[in-house]
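Peer 1: Residue numbers (this note's numbering), protein chains in the order written: chain A, 15 to 185; chain B, -19 to 583.
Just to be clear, a hint being listed does not mean it is correct.
[As the list claims (entries may be wrong)] Derived pair list, reagent style EDC-like, types lysine to aspartate or glutamate, alpha-carbon separation capped at 20 Å:
| # | chain 1 | residue 1 | chain 2 | residue 2 |
| --- | --- | --- | --- | --- |
| 1 | B | K515 | B | D504 |
| 2 | B | K132 | A | E84 |
| 3 | B | K142 | A | E34 |
| 4 | B | K142 | A | D32 |
| 5 | A | K95 | A | D63 |
| 6 | B | K523 | B | E379 |
| 7 | B | K376 | B | D363 |
| 8 | B | K367 | B | E114 |
| 9 | B | K132 | B | E114 |
| 10 | B | K132 | A | D32 |
| 11 | B | K132 | B | E171 |
| 12 | B | K142 | B | E15 |
[What the hints assert, rightly or not] Partial selection, computed: residues in chain B whose CB lies under 10 Å from chain A:
| # | residue |
| --- | --- |
| 13 | R122 |
| 14 | K132 |
| 15 | E143 |
| 16 | I147 |
| 17 | G151 |
| 18 | R173 |
| 19 | V176 |
| 20 | R177 |
| 21 | D306 |
| 22 | P315 |
Don't read these hints as lab results, they were simulated from the structure.
Ideal Cβ placement from N, Cα and C applies to all residues, glycine included.
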Amino acid sequence: MKITEAASERHVLAVMVDNEPGILAKITGLFTARGYNIDSLTVADITEDHAVSRITIVTNGPPQVIDQIEAQLERLVPVHKVTDLTTAGPHVERELALIKVTGTGDKRVEALRVAEIFRAHVVDTTTTSFVFELTGAPEKIESFIALMRDLGLVEVGRSGVVGMMRGAQGT
Amino acid sequence: MECPVTGKPASPAPSAPDPATAMSGAAILVNALIEQGVEFVFGYPGGAVLPIYDELFGDERIRHILVRHEAGAAHAAEGYARATGKPGVVLVTSGPGATNAITGIADAWMDSIPLVVITGQVPTSLIGTDAFQEADTIGITRHCTKHNYLVKDPADLAATIKEAFRIATTGRPGPVVIDIPKNVQIAVPSERRANVRTGAHRYAPQTVAPAEQIVEAVELIAGARAPILYTGGGIINSGPEASRLLRQFQDLTSAPVTSTLMGLGAFPSTHPDWLGMLGMHGTYEANMAMNQCDVMVCIGARFDDRVTGRLDAFSPGSKKIHIDIDRSSINKVVPVDLGIVGDCATVLGQLIEAWGSRQARNLGEWKARIAGWRARECLAYPDRSAKHPGMIMPQKAVERLHALTRGREPIITTEVGQHQMWAAQYFGFEAPNKWLTSGGLGTMGYGLPAAIGAQLGHPDALVIDIAGEASIQMNIQELGTASQYRLPVKIFILNNEYMGMVRQWQELTYESRYSNSYSDSLPDFVKLAEAYGWKGIRITEEKDLDDGIMRMLDHNGPVIVDCLVAQDANCLPMIPSGAAHTDMLLYGDHVDGTMDDEAKALV
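The shape of chain A in the complex, shown without the other chains (with noise of 0.2 Å):
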């Protein structure tokens, strides 16, 4: 028998919650439980008392699916709301990396030549290797990691995606 998907949208969502216990579990759990996807998820408390917490979900699905995953995200008791910010408007997304690159000679040299074009900060360095720290949308990111492949990529660590609406507007 066949198994059909349907065609998928990348959304950025960003959900304000009680910054409770099993919050997160809660979340993650619906999105497995339902077979949604998350490709990145952040979290961290952004009040002053720690009640609150912004998570910033990259998901993608038909648009039936993002519909369902934002109500199915209301629906949660600690959820105090849910904003797409692909659909909301423009918006900035940002993400930092932090990238171990290890070499010496023309190759070291030329990593960290690229590092400059990209304004990547050299955090940690030894003679044989460099940590650069990197900010940007995701592309860029994705597109500064293919260069080092050439270039004695080692490791890399991502925050995933953080985002927020431009404008004068609060989410």
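Chain B: place on chain A using the hints.
Peer 2: The following block gives chain B in isolation, referenced to the frame of chain A:
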């Protein structure tokens, strides 16, 4: 804490526990339950809830119902909730106590039944150490509860219970679990926090629909040539007022009404515009009308797969309006033209008001078409079984049970399977909260404990569990609970010696290879009844059917009726899996055979 007058930190003296009034966590819990108006707690004691049980000891304000298995506690609480509209309360111990209750919690989750389930937990210092009778109750129940809590600080207990009841009973109702470690039950908090969480944003379900949506809905319905009201359990959950308003709205629009399994009773089955249940075992007229309507108004139902049949053939030509308190139900399965988030009763009230003094459109042509489908008499069944001509037809048994209890407003519970569908088809319901069945999860073993809960909520009502001989054995231990509390519950077993629905599907899909669906080594139900202090009645022939039912009804105490019925009877009409509303199997159709993998893969 600050002193509200001086703004300085309060001295410990005012909030320090006064030995005379100081309450332990367990005492706070019991008091909070009483404050919530709880009459009954369905439970089973164990190590991690001993402090709570000690608190309940001798307390006259609350009645603890000791079940025989924690699954029974959860289902009994569901039955109580469904029959009374009040939340059901469950109290079980940690580990196996909690895991045994899971099926009932999941059942309540699927059918949106308000439950507050209190589970004991090992002391906070032992959590995570694989302690004796430790289970990660919060983790396990996370996805079958509306919300759950682990209370680690007794200062939070009172507020948590208050919020749990609010969450369980408002919006789309559902089960809420409160996991309380044993040391929290014993501790005496020096203060009590007023809220679990600060901030008003938390949990505010939308109950009133925007006015423009109401206007749009009324325009659509008023303009329809072939409208249908498709109603569900949401109307029952919304309270008796929703059923009353549904009848009033139907009267204004004169639209025909069909209902899901969960919504039976919201609209009277004796009404001329009642089409019967829809879906897999629904009536021909209900399913045809769903297929052919031009405006469908779904009120408190959720386009379950049992209702829609094959999705791409589901009501292809209609405009669809969906009224539901849960936004996630709208557009989940079937895309609709107008989704209205709100409480069924409130929105029906808004619709009635907006309808005003309009005249209903003449639906004569539509009703004539419906009459044509009705004439198919889809619920007609043969007088005699082909293989067992001497045996009672199960449909007949349900019809007689209905006829002989008419006027006594019985509360009917069921287990799950053929008997459940026959009860839905042949037992007419006139009022809400009289029909208690496990629809979403389809839990065998639901009916007996649910009947116990319903009987406690309505001590003078006639409560009958229509059961199958296989299902009833799943929570048969609860016979003892009914005996202990002198509950005159009746169990009417349609005994066909098969897990009938499984057998029917095997007949339909697997060329009658009856793999493990025969109920072998059955107990003697009459002797079993007697062993528990119940009355046992066996009915084997049709001539004794009425007499047997009357003897059951006349007995002032619990009764099991073992009604032997034709083993080969199938539950029809039926939309086979993967088929459309228009492809129903009816009596007389050839049903033996096999199916392609696509259809076999569907449930």
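Peer 1: If a hint holds in the structure, say so; if it does not, say that too.
Peer 2: Results of checking the hints against the structure:
1. B/K515 / B/D504: Answer holds: B/K515 to B/D504 is near 13 Å, not above 20 Å.
2. B/K132 / A/E84: violated (31 Å)
3. B/K142 / A/E34: holds (18 Å)
4. B/K142 / A/D32: holds (18 Å)
5. A/K95 / A/D63: At roughly 18 Å apart (the allowed maximum being 20 Å), A/D63 and A/K95 satisfy the hint.
6. B/K523 / B/E379: The hint holds at about 14 Å.
7. B/K376 / B/D363: holds (8 Å)
8. B/K367 / B/E114: violated (53 Å)
9. B/K132 / B/E114: holds (15 Å)
10. B/K132 / A/D32: holds (17 Å)
11. B/K132 / B/E171: Holds. B/K132 to B/E171 sits at ~14 Å (cutoff 20 Å).
12. B/K142 / B/E15: holds (9 Å)
13. R122: holds (6 Å)
14. K132: holds (9 Å)
15. E143: Where the cut-off is 10 Å and the nearest Cβ of chain A is about 9 Å from B/E143, the hint holds.
16. I147: Cβ of B/I147 sits 6 Å from chain A, so the hint holds.
17. G151: holds (9 Å)
18. R173: For B/R173, the interface hint is violated, since the closest Cβ of chain A sits about 13 Å away, which is over 10 Å.
19. V176: holds (9 Å)
20. R177: Hint on B/R177: holds, closest Cβ of chain A at ~5 Å, below 10 Å.
21. D306: holds (7 Å)
22. P315: holds (7 Å)
Hints 2, 8, 18 from the earlier list are contradicted by this structure; the remaining hints agree with it.
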